[in-house]
Amino acid sequence: MEFFLKRFDHVQLACPKSSEEQAREFFVGIFGFEEIEKPANLRARGGVWFTCNDIIVHMGVEEPFSPARKAHPAFEVEGLLSLRRHLDERNVDFIDDADLPGADRIYVNDPFGNRLEFLEWHQKKNPTGGFFLVCYCFVI
Numbered sequence: 001m002e003f004f005l006k007r008f009d010h011v012q013l014a015c016p017k018s019s020e021e022q023a024r025e026f027f028v029g030i031f032g033f034e035e036i037e038k039p040a041n042l043r044a045r046g047g048v049w050f051t052c053n054d055i056i057v058h059m060g061v062e063e064p065f066s067p068a069r070k071a072h073p074a075f076e077v078e079g080l081l082s083l084r085r086h087l088d089e090r091n092v093d094f095i096d097d098a099d100l101p102g103a104d105r106i107y108v109n110d111p112f113g114n115r116l117e118f119l120e121w122h123q124k125k126n127p128t129g130g131f132f133l134v135c136y137c138f139v140i
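In our numbering, the protein residues as written are 1 to 140.
Since the hints were derived computationally from the structure, they do not count as laboratory data. None of these values were measured; they are calculated from a predicted model. The C-beta atom is built at its ideal place from N, Cα and C for all residues, glycine as well. Check the hints yourself; a few may be wrong.
What the hints assert, rightly or not - Each computed EDC-like pair below joins lysine to aspartate or glutamate, with the alpha-carbon atoms no more than 20 angstroms apart:
1) 70 / 117
2) 70 / 104
3) 38 / 9
4) 6 / 21
5) 70 / 96
6) 38 / 21
7) 17 / 2
8) 6 / 37
9) 70 / 54
10) 38 / 54
11) 70 / 93
Said to hold, decoys possible - Okay, the calculated beta carbon distance ranges per label pair:
12) 89 / 6: 16 to 26 angstroms
13) 17 / 78: 34 to 44 angstroms
14) 42 / 81: 31 to 41 angstroms
15) 61 / 123: 37 to 47 angstroms
16) 8 / 61: 28 to 38 angstroms
17) 41 / 123: 40 to 50 angstroms
18) 21 / 79: 43 to 53 angstroms
19) 97 / 5: 23 to 33 angstroms
20) 4 / 99: 26 to 36 angstroms
21) 8 / 34: 17 to 27 angstroms
22) 29 / 4: 19 to 29 angstroms
23) 29 / 65: 15 to 25 angstroms
I would like the entire structure built from these sequences, with the hints used as guidance.
Structure (structure tokens):
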């Protein structure tokens, strides 16, 4: 082959119309992402974009809106126990899951019902060989 896939550029999640402020409160306020400016020619579509280290999340307006309850991005985290405490302190619900061998993980729904996974591998190497995004975000 004369091409190869390098990495994810971004992940896009759907959100309802006029929900950008809720998305900001969640991604910036809870997880420490920074908002990045959308290109001028895309702003009229609504939505909002965020970044944290090498992670880029696009929240795109979709009508009619339907949350992704099964399909989801998985963010690799260092310090999942600290993330759990952080979420508890902010009254953000999460579901613990121990079904993936070699990892601890939780699921969080964004304000719109989209499923997000946060996981921490017990070993440095991803034993499944899959692709996961790495998130080292700190909120003070």
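Going through the hints against the structure:
Between residue 70 and residue 117 the alpha-carbon distance is near 10 angstroms, which keeps this suggested pair within the 20 angstroms criterion. A C-alpha spacing of about 18 angstroms is found between residue 70 and residue 104, which places the hinted pair at or below 20 angstroms, so the restraint holds. Restraint check for residue 38 and residue 9: satisfied, since their Cα atoms lie roughly 15 angstroms apart, inside the 20 angstroms limit. Annotation: proposed proximity of residue 6 to residue 21 is violated, straight-line Cα distance about 32 angstroms (limit 20 angstroms).
As the CA atoms of residue 70 and residue 96 are separated by approximately 15 angstroms, the hinted pair is consistent with the 20 angstroms bound. For the hint linking residue 38 to residue 21, the alpha-carbon distance of about 15 angstroms falls within 20 angstroms, and the restraint holds. The suggested pairing of residue 17 with residue 2 is violated, with an alpha-carbon distance near 41 angstroms, which exceeds 20 angstroms. Using a Cα cut-off of 20 angstroms, the hinted pair residue 6 and residue 37 is violated, with the two alpha carbons roughly 24 angstroms apart.
In summary, the hint linking residue 70 to residue 54 is not supported, as the alpha carbons are separated by about 24 angstroms, beyond the 20 angstroms threshold. In summary, the hint linking residue 38 to residue 54 is supported, as the alpha carbons are separated by about 17 angstroms, within the 20 angstroms threshold. For the proposed pair residue 70 and residue 93, the alpha carbon gap of about 17 angstroms is at most 20 angstroms, so the pair holds. Taken as a hint, the range 16 to 26 angstroms is violated for the pair residue 89 and residue 6, whose Cβ atoms sit roughly 37 angstroms apart.
Between residue 17 and residue 78 the beta carbon distance is about 36 angstroms. The supplied range of 34 to 44 angstroms therefore holds. Range check, residue 42 to residue 81: Cβ separation about 38 angstroms, and the 31 to 41 angstroms hint holds. In this structure the hint that residue 61 and residue 123 lie 37 to 47 angstroms apart at CB holds, the actual value being about 40 angstroms. Remark: the range hint 28 to 38 angstroms for residue 8 to residue 61 is contradicted by a beta-carbon distance near 21 angstroms.
For residue 41 and residue 123, the hinted distance range of 40 to 50 angstroms is satisfied, since their beta carbons lie about 44 angstroms from each other. Checked against the given bound of 43 to 53 angstroms, the beta carbons of residue 21 and residue 79, roughly 28 angstroms apart, lie outside it. Evaluation of the 23 to 33 angstroms hint for residue 97 and residue 5 yields a pass: the beta carbon distance comes to about 27 angstroms. Range check, residue 4 to residue 99: Cβ separation about 32 angstroms, and the 26 to 36 angstroms hint holds.
Checked against the hint of 17 to 27 angstroms, the pair residue 8 and residue 34 passes, with Cβ atoms roughly 18 angstroms apart. Checked against the given bound of 19 to 29 angstroms, the beta carbons of residue 29 and residue 4, roughly 37 angstroms apart, lie outside it. At roughly 21 angstroms, the beta carbons of residue 29 and residue 65 sit within the given window of 15 to 25 angstroms.
Comparing the model with each numbered hint stated earlier shows that hints 4, 7, 8, 9, 12, 16, 18, 22 do not hold.
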